[in-house]
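2 protein chains.
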Amino acid sequence: MNPSQVNFNSPRKFRTTLKSKCKETFFPDDPFRQFKNEKPLGKAKKTLQYFVPIFEWLPQYNLKMFRFDLLAGITITSLAIPQGISYAKLAEIPPIIGLYSSFVPALVYAILGSSKHVAVGTVAACSLLIADTIGSKVSSKDDPTLYLHLVFTAAFITGVFQAALGFLRLGILVDFLSHSTITGFMGGTAIIICLQQLKGLLGVNHFTTKTDVVSVLHAVFKNRHEWKWETAVVGLVFLVFLLFTRYLRQRKPKLFWVSAMAPMVVVVLGCLLAYFTRDRKHSIQTVGSLHKGLNPISIKYLNFDAKYLPYTLKAGIITGIIALAEGIAIGRSFAIMNNEQVDGNKEMIAFGFMNIVGSCFSCYLTTGPFSKTAVNYNSGCKTAASNLVMAIGMMLTLLFLAPLFSYTPLVALSAIIMSAMLGLINYEEAYHLFKVDKFDFCICLAAFFGVAFITMDTGLMISVALALLRALLYVARPAACKLGKLPDSTLYRDTEQYAEASGPPGILAIQLGSPIYYANGNYIRERILRWIRNDEGNGKAVKHVLLDLTGITSIDTTGIETLVEVLRMLEVKHIKMKIVNPRLEVLEKMMKSKFVDKIGKESIFLCMEDAVEASYDFSVTAEKQGFEEQRSGVA
Amino acid sequence: MNPSQVNFNSPRKFRTTLKSKCKETFFPDDPFRQFKNEKPLGKAKKTLQYFVPIFEWLPQYNLKMFRFDLLAGITITSLAIPQGISYAKLAEIPPIIGLYSSFVPALVYAILGSSKHVAVGTVAACSLLIADTIGSKVSSKDDPTLYLHLVFTAAFITGVFQAALGFLRLGILVDFLSHSTITGFMGGTAIIICLQQLKGLLGVNHFTTKTDVVSVLHAVFKNRHEWKWETAVVGLVFLVFLLFTRYLRQRKPKLFWVSAMAPMVVVVLGCLLAYFTRDRKHSIQTVGSLHKGLNPISIKYLNFDAKYLPYTLKAGIITGIIALAEGIAIGRSFAIMNNEQVDGNKEMIAFGFMNIVGSCFSCYLTTGPFSKTAVNYNSGCKTAASNLVMAIGMMLTLLFLAPLFSYTPLVALSAIIMSAMLGLINYEEAYHLFKVDKFDFCICLAAFFGVAFITMDTGLMISVALALLRALLYVARPAACKLGKLPDSTLYRDTEQYAEASGPPGILAIQLGSPIYYANGNYIRERILRWIRNDEGNGKAVKHVLLDLTGITSIDTTGIETLVEVLRMLEVKHIKMKIVNPRLEVLEKMMKSKFVDKIGKESIFLCMEDAVEASYDFSVTAEKQGFEEQRSGVA
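As given, the protein sequences belong to chains A and B, one line each in that order. Residue numbering for the first sequence follows our numbering, beginning at 445 and increasing consecutively. Residue numbering for the second sequence follows our numbering, beginning at 445 and increasing consecutively.
Please keep in mind that the hints were generated in silico from the structure rather than gathered at the bench. Note that this is a predicted model, so its numbers are computed, not measured. Mixed in with the good hints there might be a few duds.
As the list makes no split between identical chains, a pair holds if one copy fits it or if it spans any two.
[Claimed, not checked] The calculated lysine-lysine pairs, modelled on BS3-like cross-linking and capped at a C-alpha distance of 25 Å, are:
#1 Lys457 to Lys984
#2 Lys508 to Lys457
#3 Lys1036 to Lys879
#4 Lys463 to Lys1042
#5 Lys585 to Lys984
#6 Lys736 to Lys826
#7 Lys882 to Lys467
#8 Lys751 to Lys654
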């Protein structure tokens, strides 16, 4: 027997457990640890630095860091211009909005953002989702002004929603968007966006507003007479060029700047081509007028009319969650590579303010897109100052160069979008999911096919629902296993996993999975009964049932009732029940509900070995002696 | 070191794991075990007996059992008549339907039911819920025929839904209706039903169709001028009499038949009173005409018009789930008392057919109500034959006695309903929940107040959502704890629970809660980092992180990625990571995803003791020697 015993101290107070649970739920990263041993002035300074990270890195900033940030900033600016125009076309808003959206939000993020690597910009999936949701109420062609104002409003709602999540420390919500869901969602989105680009690539004029594969392909082939082979040839050349530069980057990572600059090259070449062919009959379609000047103020255009609110709310909240998931996940993954930390809730506040301020200055939804952030990281950025450089670059572009880009051919934009999207279809990840976890693969497939064949939000929701179902199924059917003693040791392990482990005669040792909740009470009772029946069916009389609760961290009242019922059922069968290693919370509930009094403190043990020994002390049988001899042979 | 090692056998095949998971999810009670060693003829016989339980008990049936069943059957018949009429009034359908509903369904259950104690009948909560849902589309006053047909249709839908759940082995759905939810729901329903009875008790004519407390009280007090003191006095006398018999039963359980017969006594007294006062000016309101004759066929009235389908579907499915939860839970709890088993899925099929057949013979929703089943059990019923006796009793009543009950005063019904409902408000249970588990108490309160102040289905849904949220929160924030070695033993236990447990120097031993899923990957990473920071903050260098996975029965791909990230982060900090006791499924996923290759097989241990020893073999430090001395002193 071990000298230590189960600790039956009186349960912790409700306030203590509530406080500890709230802390684990909302502050798992313990963000205020650094304030503990500070004086008031130091505390104020740290608080300011905590909420406005620029004060944290600016004092240590030096020229050497700036040289890196400048280079990174210029690189991402050259990417931001073509991407901004392209994605604005996807969102069916004027292309200049795309340029605006890389200016003001980048400034805000440079001040509030806590990640060193995130580069701010618009994203394709969310742009299409906005067009899809708002477009279902207001047509971007029939009433472009109202449509644009609703897009600003959606961005404002996104911002408020994101900031609220951050302040309320509800980063936990974003955790429920699983990696499998995102893989499938991105893949599906990439497919439908690529197909949409056939419009630009083939020069089709009449198109559908729906996003699913069937509608889009139908629209493309119905309008075969509109196909223009000149546009298609130019587009394919551009696409091949872009894909080649991407391939080059994959082979020689040092040449990342080639692929980063390629879209800009395509735009410039396209502009030249469009400029020189502008008087021909079959002239190439271009994005059209881009006026000089900085972001106009748009706060007065925010439209909270009850007629449109359901649509702006839906667009704002869904894109808000997706944008957070992308931005935070990307910031985190680069931070992990450098052994740094990113505070998810702080990032949410930064993204939130970025969108609130942005929506007041003619910007639509921005986040930290994967492609831009990767380029930023590869260009060697050191701090969020690279966003500042991009903002200045964008400002100069808006003030002096914007009109030049009005010659950008639509076909160049389509090629840029297509090449970006093809990179988002992650075959390897899907195959990895298939190999490791079939359920994760199903979640991924659900998102992929849902997005591709129904609508983007339906696909996303089906996938999230499947993922939640899995978590609930886990709770409803916790794994439980029969334990056996490993030869020549004191360890009790799963008999299915370790074939050599064998149960002591007359004893049924069971390890329950976690937790014992209302959803699995019936299951656990049935499962225990089945083991007893099986053992008895095999001619082994069961005298003791030992429940190892090591893995059980939580129990509710129905769970306790289940244990009481099992105890009662076993009593009728003249079987003794023993509890092994109840954890803190479980033991507390057992004491509060008087279960401990019912089963008796002498039936609760600290480890399996003790419980087995105690079982033999009470039941001296012929079998036991045999087992004792075997044990003494071991010792 | 233990002689046994972690078993790195190649992972099981997908088909094997899928089969075992499906079995645990859908067949946890292993219903076909009895067919295993049977010949074809025996198998056919057992299958028939399995699906039609009457073939199981009828061959062993004898006169002695029949004597008990006869007594029980007569007792529940005397309860079924007043209850049937009362609850039919609650559902706002002709009272005769209530009598029909104890005839045909009881016959069906006697053949198909697997519980020996369940007595079939209508229930108050579902009756009101049907009235509420269907009444929101079709008024029972303006179009009583259509309303009645929709009630039959809802019962038919309930039956199909219940039978389908049973055949698909989806009993798991009912498991998600927790005991806390049911306690709160029943309490809230009891309150609103009691308040509704004020209408009958005070003789008010104008009333509301809403069910919430505020509307009902408003309706009662607005129509003060309609109050009739004569009715109120009679009602109160009846109510006091009924409550007294209930009190008597609680004090002397042998007198259960007094309280079982009391409603019948009230009805008979009420009828006599109404009969003799029938010519007075202020005559007592009675239920009105009840025709002789058995259930008319109603299959031709089932109405699947798309206009009403959403309402009948909603009523059918919600009441179906509640009825199942009540019927199965009650059958189970009485079976447990007698050390018998009730197969939930089989019961669902029985309830389902009962309602399908019932709805074709002018019956509305029936299940195994608590009050009737308890009376049946206390009367000593031996088999489902007591339902057969009740069906015959009901048939005789319908054929010969029905018109007599047309004098039943509404006030007597109100008193019967109120006294039944007051027994459903389970203060003690709510207090027990409050003491043992505050979250369960909140779930209960949500159902109670939701039902009492909003609507019945809203209350139910809020409560179920809260319960699901809890299960999800459990998955999102699994309990993890720091382990320390108990003095003079080889056991590692939670340092918070066992203050004397202390961590070996340089080693951070962590026990993770189950499971590692996408929803908690970030949390687990942060939590591990926080422990390392805390230890380092306290001046203890961490050289090894030992993750005890004993409690982890499941992991998904994001979970594996989390472990990879933790491994990478620890490598940067020059900390070694070791895995202790991975369970079967977890180890399989680790092998499939090559995590085992990344961390190395030599870093995976069977028990904490081995992992700690191995850590010291690799890191000979001054600290270690101190710890070694301490250990040798122990051994």
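Original post:
For the identical chains here, do Lys751 and Lys654 meet the 25 Å Cα criterion within one copy, between copies, both, or neither?
Top reply: Within one copy only: 22 Å inside a chain, 29 Å across chains, cut-off 25 Å.
Original post:
Should Lys1036 paired with Lys879 be assigned to within, between, both, or neither, using CA atoms and 25 Å as the limit?
Top reply: Between copies, since 7 Å is at most 25 Å while 46 Å is not.
**OP:** If the cutoff is 25 Å on CA atoms, where do Lys882 and Lys467 land: within, between, both or neither? Let me know, please.
**Re:** Classified as between: cross-chain Cα gap 17 Å, same-chain 34 Å, threshold 25 Å.
Original post:
How do Lys457 and Lys984 come out at 25 Å by Cα distance, when the copy is not named: within, between, both, or neither?
Top reply: This pair counts as neither: shortest intra-copy Cα distance 45 Å, inter-copy 30 Å.
Original post:
With identical chains treated as interchangeable, where does the CA-CA distance between Lys585 and Lys984 reach 25 Å or less: within a copy, between copies, both, or neither?
Top reply: This pair counts as neither: shortest intra-copy Cα distance 78 Å, inter-copy 66 Å.
Subject >> Identical-chain pair category, Lys463 with Lys1042, by Cα at 25 Å >> reply: neither (30 Å within a copy, 38 Å between copies)
Subject >> Identical-chain pair category, Lys508 with Lys457, by Cα at 25 Å >> reply: Intra 55 Å, inter 56 Å, cutoff 25 Å: neither.
Original post:
When no copy is specified for Lys736 and Lys826, does a C-alpha distance of 25 Å or less occur within a copy, between copies, both, or neither?
Top reply: Neither, since 31 Å and 91 Å both go past 25 Å.
The structure shown violates the earlier hints numbered 1, 2, 4, 5, 6.
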